[in-house]
Amino acid sequence: MEWIQEMLVFWFIVGLVSGVVMGILVVALCAMASDRHRPRPNHVPITGVPESPGSAQDDDEDGNRKGFYH
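Heads up: the sequence shown begins at 1 in my numbering, then just goes up one per residue.
FYI, nobody ran anything at the bench for these hints, they're computed from the structure.
Note that the structure is a prediction, hence the values are computed from the model and not measured.
Watch out, some of these pointers could steer you wrong.
As the list claims (entries may be wrong) - Restraint ranges, calculated between C-beta atoms of paired labels, are given here: (1) Ser34 to Val14: 25 to 33 Å; (2) Phe12 to Met32: 24 to 32 Å; (3) Cys30 to Met1: 37 to 45 Å; (4) Phe10 to Ala33: 42 to 50 Å; (5) Phe12 to Ser34: 43 to 51 Å; (6) Glu2 to Met32: 40 to 48 Å.
Built from N, CA and C at the ideal position, the CB exists for glycine as well.
Can you make the complete structure from the sequences, with help from the hints?
Structure follows, in structure tokens:
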């Protein structure tokens, strides 16, 4: 009879842990779903800084910029 009690405790703990994990997943899923419907602020694209032409010191023997094509 003691093994029945041990099995009940074991399955109670397994059910409790899996219930907590499922609850966390549901909350995370709901947060992600509500995040998609939230209106975003006006997105301003970040414009890149124009690249400086550089000097002949920055070129290798073939005339390519160092570090760009290797």
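Against the structure, the hints:
With their beta carbons about 31 Å apart, Ser34 and Val14 fall inside the hinted range of 25 to 33 Å. For Phe12 paired with Met32, a C-beta distance near 31 Å keeps the hint of 24 to 32 Å intact. For Cys30 paired with Met1, a C-beta distance near 43 Å keeps the hint of 37 to 45 Å intact. Restraint check, Phe10 to Ala33: a C-beta distance of roughly 35 Å breaks the suggested window 42 to 50 Å.
Checked against the given bound of 43 to 51 Å, the beta carbons of Phe12 and Ser34, roughly 33 Å apart, lie outside it. Between Glu2 and Met32, the C-beta spacing of about 45 Å keeps the proposed range 40 to 48 Å intact.
Comparing the model with each earlier hint shows violations of hints 4, 5; every other hint is respected.
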